[in-house]
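Protein chains in written order, with the numbering used here: chain A, 1 to 659; chain B, 1001 to 1103; chain C, 2001 to 2214.
Heads up, some of the hints might be wrong.
Claimed, not checked - From chain A, some residues computed to sit far from chain B (all C-beta separations above 10 Å):
| hint | residue |
| --- | --- |
| 1 | F70 |
| 2 | D186 |
| 3 | G627 |
| 4 | R635 |
| 5 | V636 |
What the hints assert, rightly or not - With the Cβ distance kept under 8 Å, some of the chain B side facing chain C (calculated, not the full set):
| hint | residue |
| --- | --- |
| 6 | M1039 |
| 7 | V1043 |
| 8 | L1080 |
Treat the hints as calculated values from the structure; they're not laboratory data.
C-beta atoms are modelled at their ideal positions from N, C-alpha and C, and glycine is treated no differently.
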Amino acid sequence: MNLTTNELLVTLLLVLPLAGFGVSALIGRRLYTRAWIVEVPVLIVTWLIAMYLVYQTLFLGTFGDGGLHFTLGTWIPAGAFHVDFNFAVDNLTAVLLIVVTTIGMLVHVYSIGYMAHEPGRWRFFAYLNFFMFSMLLLVLADNFVLLFAAWELVGLSSYLLIGFWYNRRSAALAAKKAFLVNRVGDFGFALGIAAVWTTVGTFNFTTTTAGPGVFQLLPQALQTGAIQPWQMTGIALLLFCGAVGKSAQFPLHVWLPDAMEGPTPVSALIHAATMVNAGVYFIARANPIFSQAPQAMVFVAAIGIFTAILAASIAFTQRDIKRVLAYSTLSQLGYMFAGLGVGAYAAAIFHLMTHGFFKGLLFLGSGSVIHSVHDEQDMNKMGALWRKIPITHWTMLIGSIALAGIPPLAGFFSKDEILGGAFKNGFLVVWAIGVVVAVMTGFYMFRLMGKTFYGESHVDPEVEPKIHESPWTMTLPLILLAIPAALLGIALGWPPDSGQIHQWLEPIFAGATQTLGITESQFNFAGIDGTLIIIGAAAAALGVVFGIWFFGLFGMREKRSQVERLTNALRPLYRASVAKWWFDDLNDLIFVRFGGFVARALWWFDVRVVDGTVNGIGALTQDTGRGIRQIQTGRVQNYALGIAAGLLLIAVTYIFVVR
Amino acid sequence: MSHSLDAYLILSGLLFSIGVFGFLARRNAIAMLMSIELMLNAVNLAAIAFGAFTPSLQTHAALIVLLVMAVAAAEATVGLAIVIAIYRNRRTPLVDEYASMRD
Amino acid sequence: MTPLPVLADLQLPPNIPIIGWAWDDLLFLILAGVMLGCALFVVLGRNIVRSGIAMMGCFAALAGIYVLAGAVIVAASEVLVYIGAISVLILFAIMLTQTKSGPTELVFHRQAWAGALAAIGFGLLLIVSVMNTQWPLAGSVRLVASTSAIAMLLFQDSLYIFALQVVAVLLTAAVIGGVFLAKREVSTDPGEPEMATLDRLRAPVEATTADQPA
């Protein structure tokens, strides 16, 4: 098969991590401390290839607006159900590649230090490579079936990595929960894919040699009247189910906080920077479908913003540092979906990018903190660490400010564009809730910072003398991530609505923007745009100030009594927040208890009725046999009687019946 | 009556059914063999009866009956020899006890 | 039928005086009754030796019926073969297989009632069939079979010659088989108990134990 250099490079992008996984799976155990020697170089090479491809796509424009599409071979040649290995690299893919490979590489380097004491680290690195392969496959896939396969593979990798410490019951349960909840979403997703196929008969996203792709055919079908609007909305909603599961939106958000049972690099990679973005990426890629189904988009925005505020409210009261970050991830993902739902596609992808960097930074930093206080994750047992682990502290401070959305750091640009898009496209409620969430974000992030780094030390006295900064393999990625966290916003997002990122993503979303009737007005600071920016920045600052006031900064101590008063004043909200709004309990009630009851009833039915019937037939046969066996007495006279009786019967039958 | 075929045949039938009863009901093996002889004789009687009333069959019937008698003698010989052989082993002539074919 | 010299000039009326039957019929009835009575005694009798004797009587009556039916040679061979050989053989066998509990054991099985039903069924079947069948070829005159005709038939008809040879072989086989089955083998080993040849071919079974009654 003839491949151009670029196509070969794309193939290598996939093959290398998979090979790394394979090699490590075979010989990893023997490598002991050097287990990373296979994976990390693989990832570095992968990153280099990816950066080259990104350079080609975004900066040189070699592939044009449509991007590079090629087919590696046929996968399922089953007549009408024809699936090939189609891959595509367009501008959207390139943006995602930047995020995925950069953070992936940095996490791999970080893991060298973080997992240094872990006996099973060869397994960890192998799984990490496998995850990278799955994620790259997802981003590069150009048809639904391949995407779905990669979707599932990513879920599998996530299961393997969350449950890495499989001896721990909580870790095993968390991995199972992640996989099952994902599966629920994937069920809707698969139905959506099936609906697509029955409607247009192809799986390919865009035009290939086999004919036009889904993204051309579906809107056409709607316009010509071949399908009804409700069908389009239905397809969009079903496909959205998958995104809800993978990106942990309400109501399938319950798996993400529990997934913090995995090692911190896993949390950084999968649950902050890459896997949970798969849903956002997919909705962005499927924008031709979604833009034709306005009701679905409203639904997406509603779910997104609801998740945002729900998760932020829970983050207020969590004690585990990683849980706070997990809920923060949920909240920011909600922002992204809200952005997709209101039509601000480019803004959502931009936020995806910036969020990947600063959330990755925050997670890796928290890992460094945990490492330095010897595996203590409860924030109430930390404090006054800012002098002792300076690099970690400063990088995390940069990350927190970026997340809160304070200009001129990265988060401000992307978040503000989403809110601006919401307001300008008429989604005022979304905008208002978004502003409230911005306040909350600032508050809980600086609560985290205050409790962890500032004020007095509540660290366990035995551990305190041993607190030390992490090795360079861990701090280097932190520093490297802090740079884009700080500067990416200005680099790509200025001027707002027409910055570099918008230029890159414009060809992808042009069709959707047109369909939705969104007019790109020039950015006018003096007008509505400026007002929105100021409101957004002010909200973020307000939240930060509250956080600092309550929880301290540098030498300033946490105001315990004030915090207590606030807690008591808002007791019901406090309890609800601590209990995660009882969603886990609800799930437990419905699925585990009631479902268990139903399952037990069915089991009874199976054992008694179904098995009973089968066993009954067996028993019947046996008893009949036992009864009939009585005939064989072994005595000639009984047999003779049988002969006589039979003969009589035949004769009588013959005479009276036949004649 | 002795001039009607039916009478002889009815007599033969009665003798045959007595023989059947004896074969099915008696416990002693030799009694069963005696019942077999009765049945054979009933058959012979029926053959002779047909021969007596049908001119073309007369000699044939007699001949057949003679052959049947020869065969009956042979069969009685062998049967009794078997019974004696079994008796030597089981020490009883009662067929109840010869039930080792059961399993 | 040659009457006895003593009764040479006995003038018998053609039919029995009061009842009006023919003498043949009376004779037939008497012989039939004797035969059936003896047959019943054979199957119902408790003492097996007496059953054997009754069987002889049955055969004798049967021979008389054969004479009445005109088959004299058959009657003669019946007496010779059945009464003279087979019955004696059976009596010998009875003597050889007697057990101590002879008079006290059960005569019939538990299945005797079923057997009776079967027998009655057979009888009814036969009788009813016979009575409902027309015999178009049957005349109403008893004919006598002459011995020379039988002899001619035997040796003329190719079928009966073949049958004759087969029966001869059969008899030879029966004789040899009977001798073999009933023979006692004298073993060379002085300590080993005497066993019949057939027994020696089987795995040794305790000579005094019988099978467990089911």
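Now for the hints, and whether the structure bears them out:
For F70 of chain A, the requirement that its beta carbon stay farther than 10 Å from each beta carbon of chain B is met, with the minimum near 77 Å. At roughly 61 Å from the closest C-beta of chain B, the C-beta of D186 of chain A stays outside 10 Å, upholding its exclusion from the interface. No Cβ of chain B approaches the Cβ of G627 of chain A within 10 Å, the least distance being about 16 Å, so the stated non-interface status holds. With a cut of 10 Å on Cβ distances, R635 of chain A falls inside the contact zone with chain B, its closest approach being about 5 Å.
Here V636 of chain A does not stay apart from chain B, with its beta-carbon only about 6 Å from theirs, under the 10 Å limit. This hint is violated: M1039 of chain B has a C-beta 10 Å from the nearest C-beta of chain C, more than the 8 Å allowed. The interface hint given for V1043 of chain B is broken, as the beta carbon of that residue sits about 11 Å from the closest beta carbon of chain C, more than 8 Å. The beta carbon of L1080 of chain B comes within 4 Å of a beta carbon in chain C, closer than 8 Å, and the hint placing it at the interface holds.
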